[in-house]
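**Q** Residue numbers (my numbering), protein chains in the order written: chain A, 379 to 635; chain B, 379 to 635.
Source of the hints: derived by calculation from the structure; they are not laboratory data.
All values derive from a computational prediction rather than experimental measurement.
Mixed in with the good hints there might be a few duds.
One copy or two, it doesn't matter: identical chains are merged, so the pair holds either way.
[To be verified] Derived pair list, reagent style BS3-like, types lysine-lysine, alpha-carbon separation capped at 30 angstroms:
id	residue 1	residue 2
1	581	417
2	465	553
3	417	589
4	605	436
5	553	539
6	381	589
7	589	539
8	581	605
9	589	605
10	467	589
11	465	417
12	589	436
13	465	581
14	467	629
15	581	467
16	381	436
17	629	465
18	629	539
19	581	381
20	436	462
21	462	381
22	581	436
23	462	553
24	462	629
25	381	539
26	553	581
Given next are the chains, with one letter for each unit.
Number of protein chains: 2
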Amino acid sequence: MGKPLILVTNDDGVMAPGIRNLVTFMLELGEVVVVAPDKPQSGMGHAVTITIPLRLEKIHVNGNHDVYSCSGTPVDCVKLAVNKVLKRKPDLLVSGINHGANSSISVIYSGTMSAAIEGSMESIPSIGFSLLDHRFDADFSHAREFVQRIASNVIEHGLPKGICLNVNIPAVEQKQIMGIKICRQARGNWEEEFDHRQDPRGKDYYWLTGKFALHENSNETDEWALKNNYVSVVPIQFDFTAHELIPELNKWDFNVK
Amino acid sequence: MGKPLILVTNDDGVMAPGIRNLVTFMLELGEVVVVAPDKPQSGMGHAVTITIPLRLEKIHVNGNHDVYSCSGTPVDCVKLAVNKVLKRKPDLLVSGINHGANSSISVIYSGTMSAAIEGSMESIPSIGFSLLDHRFDADFSHAREFVQRIASNVIEHGLPKGICLNVNIPAVEQKQIMGIKICRQARGNWEEEFDHRQDPRGKDYYWLTGKFALHENSNETDEWALKNNYVSVVPIQFDFTAHELIPELNKWDFNVK
């Protein structure tokens, strides 16, 4: 068997330090092709581009792997990579490393994770990586060992169809990291606040801000793991059905107003 | 108790016939406030707007309810409505009626459903409605009875915290509809094809197209229900954890490269 073929994407844009680091880590594990957004796409969730056409351009970054820049969302990048760029299905898809956390409920807003989820829909073993530091000049060096260990495991074991991994990495020195912990998504939500301003013409506008509120203290969650300096790994699936509610809903009377 | 307060939004834009019909149906059940995108936002998934400011404008549609037009995504609309428009938490959030289906895996790409999911995160009983006809001049008249029955049930019974409903309505005459069926999300995916063209300057561009592929034939699914002329109702939750995989992942060796 030849080298594994690894598709790399992200949501911070093709030139973000996070993806440059991820590419460096992946080049030690296999053959790398990058298809990533041409501009930041944070907070895009599982958006796809259907009302405007997509652009895809091969760009030169360095000689040891191909890099394509795409005008669309992270999900668009995965779809275009699989359908138009790669000659065969990749052995692994990695997304990130995101500048900033994608733990707990943030998974639903995350472009990084939407790319990984899209990969799992295409039956590609897929992982989203995020570092708990949103700064452009964040230090990704300690992530190398954990990213490579997790990616190697996924290449070796595969993942069940329709399941990807959501990996978050604390922004601390390597020696402070306690290890890798398999977790579930913590219950929590974003409590929004809108910063209400007026533009120079006197018209109102709003900036979305807010803070994360954790709703539980279980040590089984990604939030607990990260707070205690573990790298969190949450297996993620895309059946949204609340199966346990089906019997209850069947008791409702839909024939009476 | 006064009339229930009903927040109405969608992803096709504030002036789409689907939301105008939904407002008409809801005015018979309670007090209605509309906060919806100022332009179509189909395929936006759970996107939020964080890199540009949001605009929110009260517009005049008719005298019996307030209507706000928002420059952001469906999720932005819900957040702004809850935080800046409504004086109290609404008793019900309804999103739609979408011009086109949001069954099976389409729930993850759907702006209509992302608004309903966001509502459930804010502990608002929430429902997304979609009609299986994407045309602008689709006939929504037969949807009235089913939309009102389901909404009335949710107002009466509530929904567990963190769960909303995904309702899809066949595009057939009312007498052909077999009833309302509680379902689970069918397993399937979109098989993409990209329409590859060149612009007048000779540069490549791509249109995302594709067709839905159903992976199962169970009569428990929304796809089965719709094919057999039932209105499908799927309870939807936002814990993405693949809980069943956690024991298996704990067997992996993360200490060996």
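**Q** Taking 30 angstroms as the upper bound on the Cα-Cα distance, should residue 462 and residue 629 be classified as within, between, both, or neither?
**A** So residue 462 and residue 629 fail the 30 angstroms test inside a copy (48 angstroms) and across (37 angstroms) alike.
**Q** Could you figure out if residue 436 and residue 462 sit no more than 30 angstroms apart (CA to CA) within one copy, between two copies, both or neither?
**A** Within one copy, since 12 angstroms is at most 30 angstroms while 44 angstroms is not.
**Q** How do residue 467 and residue 589 come out at 30 angstroms by Cα distance, when the copy is not named: within, between, both, or neither?
**A** Close across copies (19 angstroms), not inside one copy (39 angstroms); limit 30 angstroms.
**Q** Measure nothing new, just compare the shortest in-copy and cross-copy C-alpha distances for residue 465 and residue 417 to 30 angstroms and report within, between, both or neither.
**A** within (25 angstroms within a copy, 38 angstroms between copies)
**Q** I want to check one pair: residue 381 and residue 589. Are their C-alpha atoms no more than 30 angstroms apart within a copy, between two copies, both, or neither?
**A** neither (43 angstroms within a copy, 32 angstroms between copies)
**Q** Measure nothing new, just compare the shortest in-copy and cross-copy C-alpha distances for residue 581 and residue 417 to 30 angstroms and report within, between, both or neither.
**A** both (28 angstroms within a copy, 19 angstroms between copies)
**Q** First find the shortest C-alpha distance between residue 381 and residue 539 inside one copy, then the shortest across copies, and answer within, between, both or neither for a cut-off of 30 angstroms.
**A** within (22 angstroms within a copy, 47 angstroms between copies)
**Q** At 30 angstroms max between alpha carbons, let me know whether residue 581 reaches residue 467 within a copy, between copies, both or neither.
**A** between (50 angstroms within a copy, 26 angstroms between copies)
**Q** 30 angstroms Cα cut-off: does residue 462 pair with residue 553 within a copy, between copies, both or neither?
**A** neither (42 angstroms within a copy, 45 angstroms between copies)
**Q** Within, between, both or neither: how does the pair residue 467, residue 629 come out at a Cα-Cα threshold of 30 angstroms?
**A** Between copies, since 27 angstroms is at most 30 angstroms while 45 angstroms is not.
**Q** Is it within a copy, between copies, both, or neither that the alpha carbon of residue 465 lies no farther than 30 angstroms from that of residue 553?
**A** neither (41 angstroms within a copy, 50 angstroms between copies)
**Q** Within, between, both or neither: how does the pair residue 417, residue 589 come out at a Cα-Cα threshold of 30 angstroms?
**A** both (25 angstroms within a copy, 28 angstroms between copies)
Consistency note: the structure conflicts with the earlier hints numbered 2, 4, 5, 6, 8, 17, 19, 23, 24 and 26.
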